[in-house]
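Knowing the structure of chain A, use the given hints to seat chain B on it.
Same order as they appear, the protein sequences are chains A and B. Heads up: the first sequence begins at 1 in the working numbering, then just goes up one per residue. Heads up: the second sequence begins at 1 in the working numbering, then just goes up one per residue.
Do not rely on the hints blindly, as some may be mistaken.
Stated by the list, open to error - Partner residues are not named here, just some residues of chain A that face chain B (Cβ under 7 Å, in silico): (1) V134; (2) E139; (3) V142; (4) W159.
What the hints assert, rightly or not - Some residues of chain A that are not near chain B, with every Cβ distance over 12 Å (derived): (5) F16; (6) T37; (7) R41; (8) K61; (9) V68.
Think of the hints as simulated: they come from the structure by calculation, not from any bench. This one's a predicted model, so the numbers in the text were calculated from it and none came from an experiment. Glycine included, C-beta positions come from ideal geometry on N, C-alpha and C.
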Amino acid sequence: MKDSCSSTSQLLERYFDRQATDEERSLVERHLPLCQTCHERLRVLEGLRKAIKTPVDEALKEETFPWVWEKIEREIRLGKKPSWQESVRSWIDLSPLFRKKVWIPIMAAAIILILVTSPLLFFKKDPSYSERSVVEYVESEVYNVMVYESEKAKVTVIWLFEGPQNESPAS
Amino acid sequence: MKKWTPLLVFLFILFLAFPPMATAQVQTRVRVIEASNVGSVIDPSLRDLHGQLGSLFRYTSYRLLRDERINLSPNQPASVPVHQGRSIEITQVGLQANMAELRVRIKRDGADLLNTQVRLSPGRTVLIGGPKHGEGVVILALSASF
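The following block holds chain A by itself, in its conformation from the complex (with noise of 0.2 Å):
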């Protein structure tokens, strides 16, 4: 009997996990009616589980998965936003274009093009009365010579004198 105990007693825990085979688990029910030890082990090892079950059912209850994954949902979706260089770098590292060479040579003649426009753009002065005038040197060995411009009509006159009797516009 003893030796039937203690080989039960060495079973009573896979009884109890559900991890006896049939054979084992019918030597078990059939000793547990003759011994008190072993019945009474039993007890203690359903005691046991009862006392760690309850609460994490109880927890459980309270707790309702369907929610639990809406709200990890709702977090991924609210997550925080990348910043505007890590956008521009992801696709960077994205586009086939940009994994090439070829950008430097772009970037290059964007920053000549920006440097050659911008003072056109953003430092526009009012043209000297040099820069503005259509003649911009007249020379004469024979002639004198008179220069006259009229930006209304858009016409510039250069009138030369000749000889002695000079000879002037009629207006």
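Quick look at chain B alone, frame taken from chain A:
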């Protein structure tokens, strides 16, 4: 070839950004006009200039002696006979977006009577006048389109 690709791309972009304006032609119109107080004839082909001429001078008659249209290439002088052995030589020395720089020489027997450089924009007229011609004076009207 592969290592030259960035340089070629760079040069291509620069070419697009700064097109070679200097190679463009400028069409110049030279009209030789005789202005006098003999009669009151206004040449019909001077109708577009009549307002300008009338506001500047007191001549009563304007007669067109010559009308020439010349396509000027950069730094290629073109010559038009004017009157009494004189000629006008025009050279395109520069071209910007809305402005052509023209060097104008009036010559007689190879010698310069007048040497000037003007900036002409489309719609602008330069009148060079004064030398006597017949009963009046001769006026050269220069205009450009490009």
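Here's how the hints hold up against the structure:
no. : hint : in the structure
1   : V134 : holds (5 Å)
2   : E139 : holds (5 Å)
3   : V142 : holds (5 Å)
4   : W159 : holds (5 Å)
5   : F16  : holds (75 Å)
6   : T37  : holds (88 Å)
7   : R41  : holds (82 Å)
8   : K61  : holds (68 Å)
9   : V68  : holds (55 Å)
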